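Participant: Listed below, chain by chain, are the residues.
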Amino acid sequence: ACFSLLPSPPVIKKKVCRSCPNAALIRWESGNTNPVDSYTVELGEISRERSETAVTESIVGIPTYESIIQLLSGRSYLIYVRAVNIGGPSERSDPVIIYTTGGTLFHLNEETAHPSLAISEDGFTMFYGDEYTELNDITLSDNAFSRCVAIMGELIPIRGKHYWEVEVEEHTEYRIGVAYEDTQRNGYLGANNTSWCMRHVMTPSRHKYEFLHNGSTPDIRITMHPKRIGVSLDYETGKLAFFNTDLSQHIYTYKCHFLHYVHPCFALEKPGALTVHNGIEAPEYITFS
Amino acid sequence: MRFGIYLPPKAEGEKCPVLYWLSGLTCTEQNFITKAGSQQEAAEHGIIIVSPDTSPRGCNIEGEDESWDFGTGAGFYVNATEDLWKINYRMYSYITEELPHLISSNFPADSERMSISGHSMGGHGALICALKNPGKYKCVSAFAPICNPMQCPWGQKAFNGYLGSDKSKWESYDATVLVSTYSGPQLDILIDQGRDDQFLAAGQLLPDNLIAACTEKKIPLVFRLQQGYDHSYYFVCSFISNHVKHHAKYLNA
Numbered sequence: 011a012c013f014s015l016l017p018s019p020p021v022i023k024k025k026v027c028r029s030c031p032n033a034a035l036i037r038w039e040s041g042n043t044n045p046v047d048s049y050t051v052e053l054g055e056i057s058r059e060r061s062e063t064a065v066t067e068s069i070v071g072i073p074t075y076e077s078i079i080q081l082l083s084g085r086s087y088l089i090y091v092r093a094v095n096i097g098g099p100s101e102r103s104d105p106v107i108i109y110t111t112g113g114t115l116f117h118l119n120e121e122t123a124h125p126s127l128a129i130s131e132d133g134f135t136m137f138y139g140d141e142y143t144e145l146n147d148i149t150l151s152d153n154a155f156s157r158c159v160a161i162m163g164e165l166i167p168i169r170g171k172h173y174w175e176v177e178v179e180e181h182t183e184y185r186i187g188v189a190y191e192d193t194q195r196n197g198y199l200g201a202n203n204t205s206w207c208m209r210h211v212m213t214p215s216r217h218k219y220e221f222l223h224n225g226s227t228p229d230i231r232i233t234m235h236p237k238r239i240g241v242s243l244d245y246e247t248g249k250l251a252f253f254n255t256d257l258s259q260h261i262y263t264y265k266c267h268f269l270h271y272v273h274p275c276f277a278l279e280k281p282g283a284l285t286v287h288n289g290i291e292a293p294e295y296i297t298f299s
Numbered sequence: 013m014r015f016g017i018y019l020p021p022k023a024e025g026e027k028c029p030v031l032y033w034l035s036g037l038t039c040t041e042q043n044f045i046t047k048a049g050s051q052q053e054a055a056e057h058g059i060i061i062v063s064p065d066t067s068p069r070g071c072n073i074e075g076e077d078e079s080w081d082f083g084t085g086a087g088f089y090v091n092a093t094e095d096l097w098k099i100n101y102r103m104y105s106y107i108t109e110e111l112p113h114l115i116s117s118n119f120p121a122d123s124e125r126m127s128i129s130g131h132s133m134g135g136h137g138a139l140i141c142a143l144k145n146p147g148k149y150k151c152v153s154a155f156a157p158i159c160n161p162m163q164c165p166w167g168q169k170a171f172n173g174y175l176g177s178d179k180s181k182w183e184s185y186d187a188t189v190l191v192s193t194y195s196g197p198q199l200d201i202l203i204d205q206g207r208d209d210q211f212l213a214a215g216q217l218l219p220d221n222l223i224a225a226c227t228e229k230k231i232p233l234v235f236r237l238q239q240g241y242d243h244s245y246y247f248v249c250s251f252i253s254n255h256v257k258h259h260a261k262y263l264n265a
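For the record, the sequence lines run as chains Z and X. Residue numbering for the first sequence follows this note's numbering, beginning at 11 and increasing consecutively. Residue numbering for the second sequence follows this note's numbering, beginning at 13 and increasing consecutively.
For reference, chain X alone in the conformation it holds in the complex (with noise of 0.2 Å):
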């Protein structure tokens, strides 16, 4: 698997916190890196921003390279449990556990400060990964998240091909779901949707649903439709030093 960093200049002389960045449908670790613009409010607030891939790749698993929105390229950050895929597509697991002791291991980073972020399939990787793991993150913030995967076509083909056709199985990676049984530390969430966005037209997003959990759960979040903007990542880079910045407030409290 690959991954990029970004090492702030701080790091030259401490350990600084973590913000790992989950990047969406059929990017590399490279996409993030190098359209997003995100370094130099890192720089300025000291944080590492540790950019994964979305998927494993070149496992030769039948079918995998045959649809952008499944297999390659696509792992939606869960741990498959059907067959084809339980040995190969475990990015759940490669994103909580195997890659943080990675980082912590090899480079100066802070194992006790880490925050979560993505854009699309990985702003609802970000998601589920700060409801499943309650303080773990000391922050979360995404990009036009998936936020209700099992209930549009994205997420149903992704779930059904990685976790078979029992639903049930489904909830526990699906944002929504896990807001109404969350419970731990306070959360801050902050998302930012283009209002442009094709996908949020095709009902592949559905941050209302995300929103009204969150009402009714009280779960703090400020959800933004930013006018003009699509799903792309002149969007992102539009907004990333606004999201760095709220990361920065709780990474470094």
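Excised from the complex, chain Z in its bound form (with noise of 0.2 Å):
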């Protein structure tokens, strides 16, 4: 007779679990020693008219400890994962609850940061302080950027639409948007063909802002000085946008196609602080955009 072990529940890694209106990207860790063939996501969503949530959908067959799951936007699930081998799917996992009513929402990647940069508690603040840290005495992680005074969020690996916001000072120098995971750790955001980025700085006359991708820039003046400032990265269309939020104001949109799917990325270009808004729905106006 030949016997095979069920295999132990999966782990859902809940912290690393992300979401946004329209899909969630779950991941665990196998709870095996044994090898799994595959494994198995179930869901229900949460319903207040009962006290259980059923499971209503299974997708069977996935090879990795990962899976991005398209839900509906405004809802909540419960979802569970199971491995698979020769001898049959294990015991469901625990639960992760996964909520599509709010934005999209990511963390401040710290491997990434260069030196220079504080991160708050709460993980959504940078500060650069009045001294810039020099290099030559630390050791830099391969990860983290050693020139440009920036740090990358989580990659959103989601197709669609994602919206985030950025609180700055007025005066705040900064370049904020996104870049290729690969984008040279060296280089400055917006400076080459792997990152597109707002940037503002002070000059002695006015308040200069750049839209730079691959060192260059369109010639775009503004009168009002955003103080909060809305992202809206489309996937579909190849469209990033850039919206003062206090005035719903839409300031400039690239038109690019991306290749690969990008991080969000921040960096001061002086001392001061910048805190990131995110798991946030997106304003209506910037669909006109």
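Accuracy of the hints is not assured; some may be wrong.
[Unchecked claim] Cut-off 27 Å, straight-line C-alpha distance, at most; resulting in silico cross-link-like pairs (DSS-like, lysine-lysine): (1) Z:280 / X:230; (2) X:230 / Z:218; (3) X:257 / Z:265; (4) X:169 / X:179; (5) X:181 / X:148; (6) X:47 / Z:265.
Because the hints were derived from the structure by calculation, they are not lab data. All values reported here derive from a predicted model rather than from experimental measurement.
These two chains come separately, so use the hints to put the complex back together.
Facilitator: Written as structure tokens, this is what we have:
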């Protein structure tokens, strides 16, 4: 007789699961020392009318430790994972609750942060102190920015539309935008063809705004200086747009064909601070950009 | 007076908002209709577009056809006060009062939702109409507008001819001056300007003056200097869909 042991249930890595209005990225650990043939994701929508959530959908044959699940916006879901081997499927994992009521949520990846940056305890504010940290005496991770005082957010690996906001002071000098995973860590955001960013600097005569990609920018003048900038990323149409949210004003839109998924990215040109607000719904007016 | 009007498919069933387009020197009501390519975007957003002529014609006024930048085809969107012109050349009143009344009486136009845009002299016209009538227009935008006519040769010639030599009378038709005294609902002005525009280089358009005035007065303006573009309708048709979308945001709010 030949017996096959059922696999153990996987463990969902809740902290690195991500969601946006129309999808979720679920990640897990195998939970097994023996090989697993595939995984099955099971989900059901949480309803106020029912005390128990029934599983209404299964996605089978997942070969890796993550899966992007298409969902409906404005809902809440319970999501489980099973491991499957020749003996059959495991018990369900502990579930993760996913909300598609908010917008796209991501965290700042401190591994990518230039050493001069400090990150707040909640992980959404970055500070560039008064002293630039010299790199000579420290060991820098390969993943960290070494010249541009920058940090990247987690990858946004889900197609569709995403939105977040960045809060600054009127005189903060910054770069905000998106970049490919492999953007040069010894380069400046917007100076290469792997990053796109809105840049604000102060000149002796005026506030200067640039929209940099591959080192070049269109000539744009703005008369009201945004303190809260909306950033809209649309993979389908290849658009990256910026807004002054206080005025509901469209500032600029890149039209680009993204070859890969991108990371939100942020940099400070001079000492100052910048706060990221995400997991929020995109306002309606951005559809007119 | 002749005008062009585009009615979107949506107008078959309901009243639609109106975008008034003011054309520039030498244009008639036809230029925008045939060259700008605005109809597709207007159809998508359910917006009526009205494009009036740039002056009255055949008035038998001495000198009306002598210059391409004064008289016929060059009404400058003012109400003339000088004797020769004051009876026929009342383009400001025509655009802001007579034409909207005509449109709402004869077409499925929502008179509560209108906006205004234009090119060159028409850009000047759009800006002054919006600034002089706070709240009347939901949105204003312009292509290569004459921003400060009191300070440029075109404007000085026109204002002198239509309004006389008293420059205090010119101020009420100059967008850069009007900005400094504007008091009304928040505007969100979009201006596109070709970098290779010969009239920009010649000092006829003066957008920097308007930008400075808007910065001082904290009036929202996005000004885009478009590399490789001149003053022509190739420039207008390249960016007209951006402008129609900009107007749609406010007309369909």
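Participant: Residue 230 of chain X and residue 218 of chain Z: Cα distance at most 27 Å?
Facilitator: holds (16 Å)
Participant: Taking only the CA atoms, is the gap from residue 169 of chain X to residue 179 of chain X under or equal to 27 Å?
Facilitator: Roughly 12 Å separates the two Cα atoms, so the pair holds.
Participant: For the pair supplied as a hint, residue 181 of chain X and residue 148 of chain X, is the alpha-carbon distance within the 27 Å limit?
Facilitator: holds (23 Å)
Participant: Could you grab the alpha-carbon distance between residue 280 of chain Z and residue 230 of chain X and see if it respects the 27 Å cut-off?
Facilitator: Between residue 280 of chain Z and residue 230 of chain X the Cα gap is close to 25 Å, so the pair holds against 27 Å.
Participant: Check the hint pairing residue 47 of chain X with residue 265 of chain Z against an upper bound of 27 Å on the C-alpha distance.
Facilitator: Roughly 24 Å between the alpha carbons, so the hint for residue 47 of chain X and residue 265 of chain Z holds.
Participant: Given the proposed pairing of residue 257 of chain X with residue 265 of chain Z, does the C-alpha separation stay at or below 27 Å?
Facilitator: holds (16 Å)
Against the hints set out earlier in the document, no violation occurs for any number.
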